[in-house]
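S.K.: Chain residues, written in single-letter form:
2 protein chains.
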Amino acid sequence: MTITLYELTGSDPARPFSPHCWKTVLSLAHKGLDFERSPVPFTGVPEVENRLGKIVPVLRDGDHVVSDSFDIALYLEKAYPDRPTLFGGEGGVSLARFIEAWAATQIHMTIGGRLLLDIHAMLEPEDQAYFRQSREARFGKPLEEVVEASAERVKSFAAKLDPLRLMLKRQPFIGGENPLFADYIVFGAFQWARVCSAEQLLEPDDPVADWFERCLDLHGAAGRSVAAAA
Amino acid sequence: MTITLYELTGSDPARPFSPHCWKTVLSLAHKGLDFERSPVPFTGVPEVENRLGKIVPVLRDGDHVVSDSFDIALYLEKAYPDRPTLFGGEGGVSLARFIEAWAATQIHMTIGGRLLLDIHAMLEPEDQAYFRQSREARFGKPLEEVVEASAERVKSFAAKLDPLRLMLKRQPFIGGENPLFADYIVFGAFQWARVCSAEQLLEPDDPVADWFERCLDLHGAAGRSVAAAA
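Here the protein sequences come in this chain order: A and B.
Start counting the first sequence at 221; every next residue gets the next number (my numbering).
Start counting the second sequence at 221; every next residue gets the next number (my numbering).
If you're looking for bench data, these hints aren't it; they were derived computationally from the structure.
One or more of the hints may lead you astray.
No copy is singled out in the list; a pair is fine if it fits within one copy or between any two copies.
[As the list claims (entries may be wrong)] Cross-link-like lysine to any residue pairs, in silico, SDA-like; alpha carbons within 25 Å at most:
| no. | residue 1 | residue 2 |
| --- | --- | --- |
| 1 | 389 | 359 |
| 2 | 389 | 275 |
| 3 | 298 | 390 |
| 4 | 389 | 222 |
| 5 | 274 | 398 |
| 6 | 375 | 442 |
| 7 | 389 | 421 |
| 8 | 389 | 362 |
| 9 | 380 | 305 |
| 10 | 251 | 359 |
| 11 | 375 | 427 |
| 12 | 361 | 382 |
| 13 | 389 | 332 |
| 14 | 274 | 386 |
| 15 | 361 | 332 |
| 16 | 274 | 374 |
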């Protein structure tokens, strides 16, 4: 039975960049499941699987179609209980919702604006038009101004990672001795930045950078299948 | 078999204020365990249980003596596996370490300085002398200046709670539908502020304030056994 991951890409299908799709790539690799990657441009997202998806990632596993990276992880945990756990129990599921909210408010909202023009440059013309229009409506100003305004916010980025940095003094992964989906939630955000932008967000000797390198090494270095932006 | 909790207090043993001790009070209540509270002033901490403790809380349960609120929760989880779980599995333990680091860096470090003089005022003279000396050494300036300087930081406090606020749109507790030790980690910090200071840190309509009220109601309203500072 083939598993298909519908994954957001730009002009180059070999450079997927969506943070949420990367969470699912690592989730599937964590479970040791083979899967096919089906690239989807921004303007193709509404059409995925007869409009079942609406957002990517979308996973088809036999008759099951699931969207949203967290829901996909929950599905995989239930469908493949004999494979390595993504959550480590019910408590791990609930607390991963806090990690998800932390990553959304502290990482995505801090660096997301900075990446807008980088992402725009990776897209085909019709996706560029959609992307510019939808993001400019969301931010209420031209992409160029959002990127400019985000420079200050990016300066505060390292400090926002203090919780992760302090935790890493005790254990190598958010999941403890080994990674869990909670790590992939945060990994996805850093991988998004790594694939889209050459801007260095962390000092090389930052323990958070060490953690990210460890995540890139996981599961046959799945995260390194795409080179960093140059 | 009697369980004894050695708990930090000031002049009034009926107004325990330590955030870490409150985590343990809620942990014991969560497990439905009866316990005696043994008040310990700052200068008495090194003497607890023949110097086994060094920090409070210290828990004696029969022959077992455990210190540190997280280690106590782990001990209770192992010693009383048939009682309600504090972690919800191994993943819940590991991810609670992230919550602990988040609370330490985002809550304790933001509001802790603000509470110094309030705490000082709650202590006996010999504890006041110890407290002033040790904290002024830690902060590198008089308590009064630390409190003054912390006013700006406290203004950023509500924003620092964005991850919790966003998560609360999905579930009523960090533990999901019901609280886990992860909730008590964060509760302890808010309870510390509630018992020590009358300063209002959150708007009444803040979802985080609602969550804190729910925590105060837990386990026979254990947290309300001490009135808020007036």
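S.K.: Decide, hint by hint, whether the structure agrees.
M.R.: Each hint tested on the structure:
Within a single copy, residue 389 and residue 359 get their C-alpha atoms only as close as 37 Å, which misses the 25 Å cut-off; across copies the closest is 22 Å, which meets it. For a Cα distance limit of 25 Å, the shortest separation of residue 389 from residue 275 across copies, 20 Å, qualifies, whereas the shortest one inside one copy, 36 Å, does not. Taking the closest pair of Cα atoms, residue 298 and residue 390 come within 25 Å of each other only across two copies (21 Å); inside a single copy the shortest separation is 30 Å, beyond that limit. Taking identical chains as interchangeable, the C-alpha atoms of residue 389 and residue 222 are never at most 25 Å apart, the minima being 40 Å within one chain and 35 Å between chains.
Proximity of residue 274 to residue 398 under the C-alpha cut-off of 25 Å is found in neither arrangement, the shortest distances being 33 Å within a copy and 31 Å between copies. With identical chains, the CA atoms of residue 375 and residue 442 are never at most 25 Å apart, being 29 Å at best within one copy and 42 Å at best between copies. Within a single copy, residue 389 and residue 421 get their C-alpha atoms as close as 20 Å, which meets the 25 Å cut-off; across copies the closest is 30 Å, which misses it. In this assembly of identical chains, residue 389 and residue 362 lie within 25 Å of each other by CA distance neither inside one copy nor across copies; the values are 41 Å within and 30 Å between.
Taking the shortest alpha-carbon separations for residue 380 and residue 305, neither the intra-copy value of 29 Å nor the inter-copy value of 31 Å comes in at or below 25 Å. In this assembly of identical chains, residue 251 and residue 359 lie within 25 Å of each other by CA distance neither inside one copy nor across copies; the values are 37 Å within and 47 Å between. Proximity of residue 375 to residue 427 under the C-alpha cut-off of 25 Å is restricted to the intra-copy arrangement: shortest distance 18 Å within a copy versus 29 Å between copies. Taking the shortest alpha-carbon separations for residue 361 and residue 382, only the inter-copy value of 24 Å comes in at or below 25 Å, while the best intra-copy value is 31 Å.
Within a single copy, residue 389 and residue 332 get their C-alpha atoms only as close as 27 Å, which misses the 25 Å cut-off; across copies the closest is 22 Å, which meets it. Taking the shortest alpha-carbon separations for residue 274 and residue 386, only the inter-copy value of 22 Å comes in at or below 25 Å, while the best intra-copy value is 37 Å. For the identical chains of this complex, residue 361 and residue 332 are intra-copy neighbours only, at 15 Å inside a copy versus 39 Å across copies, given an alpha-carbon limit of 25 Å. Taking the shortest alpha-carbon separations for residue 274 and residue 374, neither the intra-copy value of 30 Å nor the inter-copy value of 41 Å comes in at or below 25 Å.
Comparing the model with each earlier hint shows violations of hints 4, 5, 6, 8, 9, 10, 16; every other hint is respected.
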